[in-house]
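> Keeping their order, the protein sequence lines are chains A and B.
Going by our numbering, the first sequence runs without a break in its numbering and finishes at 175.
Going by our numbering, the second sequence runs without a break in its numbering and finishes at 138.
Since the hints were derived computationally from the structure, they do not count as laboratory data.
Just so you know, not all the hints are guaranteed correct.
[Unchecked claim] Beyond 10 Å from chain B on every Cβ pair, some chain A residues (computed):
#1 SER14
#2 ALA42
#3 VAL86
[Said to hold, decoys possible] Restraint ranges, calculated between C-beta atoms of paired labels, are given here:
#4 B:LEU10 <-> A:ALA137: 49 to 55 Å
#5 B:SER66 <-> A:GLY132: 31 to 37 Å
#6 A:GLY30 <-> B:ALA55: 41 to 47 Å
[What the hints assert, rightly or not] Going by beta-carbon spacing under 8 Å, a handful of chain B positions derived as facing chain A:
#7 TYR52
#8 LYS79
#9 LEU83
#10 ILE84
#11 VAL87
#12 ILE90
#13 GLU91
#14 ILE94
#15 ALA95
#16 LEU105
#17 ILE106
#18 ILE110
Quick reminder that beta carbons are idealized off the backbone N, C-alpha and C, glycines included.
Below, each chain spelled out in residue letters.
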Amino acid sequence: MRSDEPSKPSDSLSPSEIAALSESNLRRGGRLSAALNTKTAAFRLYLTVFTSLVLCYIVAHASGLLPSYLAFGWTGRFFDFQMHRVRFLMSATMLTCGYVWLILGRELVHLLVCFFALSFYFAVTGLARLEGAMGDAPNFIFLSFFVSFHSTCLLLLLLLVREEVRSDVFTGRAE
Amino acid sequence: MKIKIDVYMLCELIVFSFALAVIVHTVTVARLGGSLLTSDDAVALTQELILYRAALTGFLLLLYVSYRVLKKNTTLVLKVIALISWVAFIEDLIAMDDVFFTPELITGQITQILRPVYLMAILFMVFRSSDREVGYAE
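So that you can see chain A by itself, here it is in the shape it has in the complex (with noise of 0.2 Å):
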């Protein structure tokens, strides 16, 4: 080559080129990843737990079973089944609003709390309306199963408020 000829671009790729490549895949592939990493792990554990048994319901209510054990299986009532399929709507969008605001990097205690509130609604008029809808000869293990389901759900919520909060102090965003 000559000296004089203007420079080519290099097959191979400098060392920093590659890291800087690494590092934008990183950022593309891992906001998720980088936002749970300013959280303590007992934070990421209930956050998979929670996740794990919402995706759960999720798939109960998409394959068509949960409906039939609910207050619509025992009334056959309309209102029971748009009841429960709004209900189903807001769960999917609260999950789904907690992990953009985790995204995000805002701050989750107040979210975190607005879901417990809501969360502690469902299950007590759902509770409610299930052991009215059942009448006389109630399902007991299904209701043992329900509040079983809210209960854990809920706590996982004080949980993760909690750990929220210890997140906030490690990174030094509390006061």
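Dock chain B against the given chain A, drawing on the hints supplied.
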């Protein structure tokens, strides 16, 4: 003479008027019972849903009043109240087709008229309170 109206306090007035209307309406419907309610669905739901909703909203408003009296930050309580109120509204609108609406009663009419105003007022209070928290508003 100019009269300065505090919008936040006006919203508080709307919220408490609505809460009062809901409580009076709930008690009236519970006392008069099935004769007032036009459908079986409404009778069935009145037993469970209305009472729990009224109790939960009443508790949250009581919590808000106590926070106001103690001069604590009310943002979180307002957010929870607003979320539950909007969810209850969506449930009524989509799922229950307004089965609770009893136009025979004046309390039913007042509740139904005040509801959209209340939903807007509570949202305004949430935003104003959040702004105060971060220092955008006094």
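> Going back to the hint list, which numbers does this structure go against?
3, 16, 17 and 18
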